[in-house]
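Order-wise, the sequence lines are chains A and B.
Oh and the first sequence: position 20 is 20 in our numbering, straight run, nothing missing.
Oh and the second sequence: position 132 is 132 in our numbering, straight run, nothing missing.
No lab work stands behind these hints, which were simulated from the structure alone.
Remember, predicted model here, so these are calculated numbers, not experimental data.
Please note that a few of the clues may not be correct.
[Claimed, not checked] Which chain A residues stay away from chain B? Per the calculated CB distances, all over 10 Å, these:
| # | residue |
| --- | --- |
| 1 | Leu26 |
| 2 | Lys27 |
| 3 | Leu35 |
| 4 | Trp62 |
| 5 | Gly71 |
| 6 | Gly80 |
| 7 | Thr81 |
| 8 | Arg113 |
| 9 | Asp122 |
| 10 | Pro138 |
| 11 | Ala182 |
| 12 | Arg240 |
| 13 | Thr245 |
| 14 | Ser277 |
| 15 | Pro278 |
[To be verified] Listed below are the simulated SDA-like cross-link pairs for lysine to any residue, each with C-alpha atoms no more than 25 Å apart in a straight line:
| # | chain 1 | residue 1 | chain 2 | residue 2 |
| --- | --- | --- | --- | --- |
| 16 | B | Lys107 | A | Lys27 |
| 17 | B | Lys74 | A | Leu198 |
| 18 | B | Lys107 | A | Phe193 |
| 19 | B | Lys74 | A | Ser277 |
| 20 | B | Lys107 | A | Lys50 |
| 21 | B | Lys37 | A | Ser279 |
| 22 | B | Lys107 | A | Glu180 |
| 23 | B | Lys74 | A | Arg195 |
| 24 | B | Lys107 | A | Gln126 |
| 25 | B | Lys74 | A | Val37 |
| 26 | B | Lys74 | A | Glu180 |
| 27 | B | Lys37 | B | Gln139 |
| 28 | B | Lys107 | A | Val37 |
| 29 | B | Lys107 | B | Asp171 |
| 30 | B | Lys107 | A | Arg272 |
| 31 | B | Lys107 | A | Ala24 |
| 32 | B | Lys107 | A | Gln241 |
| 33 | A | Lys50 | A | Glu180 |
| 34 | B | Lys107 | A | Ser277 |
| 35 | B | Lys107 | A | Val197 |
| 36 | B | Lys37 | A | Phe193 |
| 37 | B | Lys107 | A | Ala275 |
| 38 | B | Lys107 | A | Ala191 |
| 39 | B | Lys107 | A | Ser190 |
| 40 | B | Lys107 | A | Asp76 |
Glycine included, C-beta positions come from ideal geometry on N, C-alpha and C.
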Amino acid sequence: MSAPAVSAPAVAEVATRRALPSFASLKQALLALTLPVAMGIAWHLLTVGKPYSLIPPPSEVWMAMVDLAIGGPEGDAFSGTLLTHLTASLTRVFGGFGLAALAAVPLGLLIGRVPLMRQLLDPTLQILRPVPVTAWLPLAMILFGLGPRSAYFLVFLGAFYPILVNTIFGVRSVEPRLFEAAAMLGCRGSAQFARVVLPAALPSIFTGLRLGLGFAWVVIVVGEMTGVPTGLGAIIMEARQLSRTEIVICGMIVIGVAGFVCDRAVMLIGQRPLAWSPSHG
Amino acid sequence: MAEPTVPILDIRGVSKSFAVQGRTVQALSGANLSVAKGEFICLLGASGCGKSTLLRIVAGFETATGGEALMWGKPIEGPGPSRGMVFQDYGLFPWLTVRDNIGFGPKSRGRPAAEIRDTVERYISLVGLQRFGDAFPHQLSGGMKQRVAIARVLANDAEIVLMDEPFGALDAMTRERLQDELLDLWSRTGLTVLFVTHAIEEAIFLADRVVVMSPSPGRIDAIHAIDLARRRDVSSPAFNDVRRMLSAQLHSHHAPVAA
Numbered sequence: 001m002s003a004p005a006v007s008a009p010a011v012a013e014v015a016t017r018r019a020l021p022s023f024a025s026l027k028q029a030l031l032a033l034t035l036p037v038a039m040g041i042a043w044h045l046l047t048v049g050k051p052y053s054l055i056p057p058p059s060e061v062w063m064a065m066v067d068l069a070i071g072g073p074e075g076d077a078f079s080g081t082l083l084t085h086l087t088a089s090l091t092r093v094f095g096g097f098g099l100a101a102l103a104a105v106p107l108g109l110l111i112g113r114v115p116l117m118r119q120l121l122d123p124t125l126q127i128l129r130p131v132p133v134t135a136w137l138p139l140a141m142i143l144f145g146l147g148p149r150s151a152y153f154l155v156f157l158g159a160f161y162p163i164l165v166n167t168i169f170g171v172r173s174v175e176p177r178l179f180e181a182a183a184m185l186g187c188r189g190s191a192q193f194a195r196v197v198l199p200a201a202l203p204s205i206f207t208g209l210r211l212g213l214g215f216a217w218v219v220i221v222v223g224e225m226t227g228v229p230t231g232l233g234a235i236i237m238e239a240r241q242l243s244r245t246e247i248v249i250c251g252m253i254v255i256g257v258a259g260f261v262c263d264r265a266v267m268l269i270g271q272r273p274l275a276w277s278p279s280h281g
Numbered sequence: 001m002a003e004p005t006v007p008i009l010d011i012r013g014v015s016k017s018f019a020v021q022g023r024t025v026q027a028l029s030g031a032n033l034s035v036a037k038g039e040f041i042c043l044l045g046a047s048g049c050g051k052s053t054l055l056r057i058v059a060g061f062e063t064a065t066g067g068e069a070l071m072w073g074k075p076i077e078g079p080g081p082s083r084g085m086v087f088q089d090y091g092l093f094p095w096l097t098v099r100d101n102i103g104f105g106p107k108s109r110g111r112p113a114a115e116i117r118d119t120v121e122r123y124i125s126l127v128g129l130q131r132f133g134d135a136f137p138h139q140l141s142g143g144m145k146q147r148v149a150i151a152r153v154l155a156n157d158a159e160i161v162l163m164d165e166p167f168g169a170l171d172a173m174t175r176e177r178l179q180d181e182l183l184d185l186w187s188r189t190g191l192t193v194l195f196v197t198h199a200i201e202e203a204i205f206l207a208d209r210v211v212v213m214s215p216s217p218g219r220i221d222a223i224h225a226i227d228l229a230r231r232r233d234v235s236s237p238a239f240n241d242v243r244r245m246l247s248a249q250l251h252s253h254h255a256p257v258a259a
């Protein structure tokens, strides 16, 4: 056959995707900052100079953040402990998330692919799914005791379902045509699992992992209500009891930023293996 | 000259019925067709005439409920590399590059890596897509995707290429171009092609023999050898005569049934 006539658009498309001018990304960053800055200004105006305000002004939170991070002249129990708490929470988030991924991905592949497993497991899992992680807290503490094991369990629960549901969805929505294509090319039976099902389901599995990690951060505060001494959830609960609202807000901000950074990291990891998918990559 | 008497494909009284909402629908009834190696056959008919069903039975995706489909005298059991299918919607693996799509079959059959590489290069240049070897399907136009689909079955040593309205989703210009390219490939490789279409002109332009099919129940009405010299001129009077004849035959089924 001769050279294809319709080559130019595809090449152009690939080129524009790669070379975004930096001006556009600068504009994007400025736009993204508009809302936080506006909220900060509003917060400042509403709280500054009001001695009986229950919410501290941003400047006070900033000072608390610096003290929490590196300590200060008039140190207290919270001074310079940020890294310890952040590390503890990161360990639990990734530990619980890792366990959830290890359990939910294989289980999802099985449920999505094997009708018997679906009939056996899916109803139970679907009934357990709406039960909020908070509701599990008392039972978790009875089952796993006070301390980190309960925390891991709760984070695990939070991350488990998004991964499971998306994995099942990914496996179940493989284009039937692709099984036919594989079969007529000589890839039949169980060989299709690795060469068709898994790659076709990868975008959904990846979406599940992203959501799961997000939920792991969402439930970290509940997870650290289990009597663990360290962790961002633990200091938020402790600061609440001491009415140190500025520390509570610091904890919230750190959780938000850490969750955001984790999400970006996962997206970067997914970029290469999902370059083929128009909605990822 | 003693040619081998066993046809590459032998369809003997093949029927297929489906159960649709408790009713039995006869998709194909008593189809007979014998195809010699290297023939280009077009299955022509309106939708519901069973042409795709017949193709899918030969591919092994469906099993006949009556009669038998034989390849080299042996019953067809399930899909396999000897019968490569080209789908209208391409059926390319979106997560594989053009090269890896073409290499999918040889890899499935456990060919050594070096051999796969050579095979892929040979067929990627046969369809003129060398520059797009590392592109993913979503970056290609429809015509290019269909070239990959064709290269993919050729790279897998398919003896029969089954094409289910392969150019139906393409624009007219691309379609004509691919028809020419397909005939060129066919004449150079000695492939056997079974090509499903509802376009009369496409069937006459491509086929050695046109199999005219009609619906309810799906069946083969007639088989016409097209004796026009290749490359066929679609505007020639001889081409038009065939077109008129086939058109009359196809449209006769739409006439009201006499009481």
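Hints and how they fare:
Every CB of chain B lies more than 10 Å from the CB of Leu26 of chain A, the least distance being 28 Å, so the non-interface label holds. Lys27 of chain A, annotated as away from the interface, keeps every beta carbon of chain B farther than 10 Å; the closest lies near 27 Å. At the 10 Å boundary, the C-beta of Leu35 of chain A stays outside the reach of chain B, the nearest C-beta of that chain being 34 Å off. With a cut of 10 Å on Cβ distances, Trp62 of chain A stays outside the contact zone with chain B, its closest approach being about 47 Å.
Every CB of chain B is more than 10 Å from the CB of Gly71 of chain A (nearest about 50 Å), matching its label as outside the interface. With a least beta-carbon separation of about 48 Å from chain B, Gly80 of chain A lies farther than 10 Å from that chain, consistent with its non-interface assignment. Listed as a non-interface residue, Thr81 of chain A keeps its Cβ farther than 10 Å from every Cβ of chain B; the least gap is roughly 46 Å. Remark: the non-interface label on Arg113 of chain A is consistent with the geometry, its nearest Cβ contact in chain B lying 18 Å away (cut-off 10 Å).
Annotated as non-interface, Asp122 of chain A keeps its C-beta farther than 10 Å from every C-beta of chain B; the closest such distance is 27 Å. No beta-carbon of chain B is positioned within 10 Å of the beta-carbon of Pro138 of chain A; the least distance is around 45 Å. At the 10 Å boundary, the C-beta of Ala182 of chain A falls inside the reach of chain B, the nearest C-beta of that chain being 7 Å off. Every C-beta of chain B lies more than 10 Å from that of Arg240 of chain A, the closest at about 48 Å, which supports listing it as non-interface.
Residue placement check: Thr245 of chain A keeps its beta carbon more than 10 Å from all beta carbons of chain B (closest about 50 Å). Residue placement check: Ser277 of chain A does not keep its beta carbon more than 10 Å from all beta carbons of chain B (closest about 7 Å). A cut-off of 10 Å between C-beta atoms contradicts the statement that Pro278 of chain A is not in contact with chain B; the least separation is 5 Å. Distance check on the hinted pair: Lys107 of chain B and Lys27 of chain A sit about 47 Å apart at the alpha-carbon level, beyond 25 Å; violated.
A distance of roughly 34 Å separates the Cα atoms of Lys74 of chain B and Leu198 of chain A; the hinted pair therefore is violated under the 25 Å criterion. Annotation: proposed proximity of Lys107 of chain B to Phe193 of chain A holds, straight-line Cα distance about 15 Å (limit 25 Å). With a C-alpha separation of about 41 Å, the suggested pair Lys74 of chain B and Ser277 of chain A falls outside the 25 Å cut-off, and the hint is violated. Our distance criterion of 25 Å between C-alpha atoms is broken by Lys107 of chain B and Lys50 of chain A, whose separation comes to about 73 Å.
Proximity of Lys37 of chain B to Ser279 of chain A is assessed by CA-CA distance (about 44 Å); at most 25 Å being required, the pair is judged violated. Under the criterion of a C-alpha separation no larger than 25 Å, the hint pairing Lys107 of chain B with Glu180 of chain A is consistent with the structure, at around 16 Å. Simply put, Lys74 of chain B and Arg195 of chain A have alpha-carbon atoms about 29 Å apart, too far for the 25 Å limit, and the pair is violated. Under the criterion of a C-alpha separation no larger than 25 Å, the hint pairing Lys107 of chain B with Gln126 of chain A is inconsistent with the structure, at around 39 Å.
Only pairs whose Cα atoms come within 25 Å are accepted, and Lys74 of chain B paired with Val37 of chain A is rejected, the gap being roughly 75 Å. Simply put, Lys74 of chain B and Glu180 of chain A have alpha-carbon atoms about 22 Å apart, close enough for the 25 Å limit, and the pair holds. Simply put, Lys37 of chain B and Gln139 of chain B have alpha-carbon atoms about 36 Å apart, too far for the 25 Å limit, and the pair is violated. The straight-line distance between the Cα atoms of Lys107 of chain B and Val37 of chain A is roughly 55 Å, outside the 25 Å bound, and the hint therefore fails.
Distance hint between Lys107 of chain B and Asp171 of chain B is unfulfilled; the C-alpha atoms sit about 33 Å from each other, more than 25 Å. Taken as a hint, the Lys107 of chain B and Arg272 of chain A pair is honoured in the structure, with Cα atoms around 22 Å apart against an allowance of 25 Å. This hinted pair does not check out: Lys107 of chain B and Ala24 of chain A have alpha carbons roughly 43 Å apart, beyond 25 Å. Between the alpha carbons of Lys107 of chain B and Gln241 of chain A the distance comes to roughly 64 Å, so the proposed pair goes past 25 Å and is violated.
Of the supplied pair hints, the one linking Lys50 of chain A and Glu180 of chain A is violated, its CA atoms being roughly 71 Å apart against a limit of 25 Å. Simply put, Lys107 of chain B and Ser277 of chain A have alpha-carbon atoms about 22 Å apart, close enough for the 25 Å limit, and the pair holds. A threshold of 25 Å between alpha carbons decides the hint, and for Lys107 of chain B with Val197 of chain A the separation of about 17 Å falls inside it, so the pair holds. Distance check on the hinted pair: Lys37 of chain B and Phe193 of chain A sit about 35 Å apart at the alpha-carbon level, beyond 25 Å; violated.
Proposed proximity of Lys107 of chain B and Ala275 of chain A is supported: the alpha carbons are some 22 Å apart, at most 25 Å. Between Lys107 of chain B and Ala191 of chain A the CA atoms are separated by roughly 11 Å; this keeps the pair inside 25 Å, and the hint holds. Under the criterion of a C-alpha separation no larger than 25 Å, the hint pairing Lys107 of chain B with Ser190 of chain A is consistent with the structure, at around 15 Å. Restraint check for Lys107 of chain B and Asp76 of chain A: not satisfied, since their Cα atoms lie roughly 65 Å apart, outside the 25 Å limit.
Violated hints, listed in ascending order, are 11, 14, 15, 16, 17, 19, 20, 21, 23, 24, 25, 27, 28, 29, 31, 32, 33, 36 and 40; each of the other numbered hints is respected by the structure.
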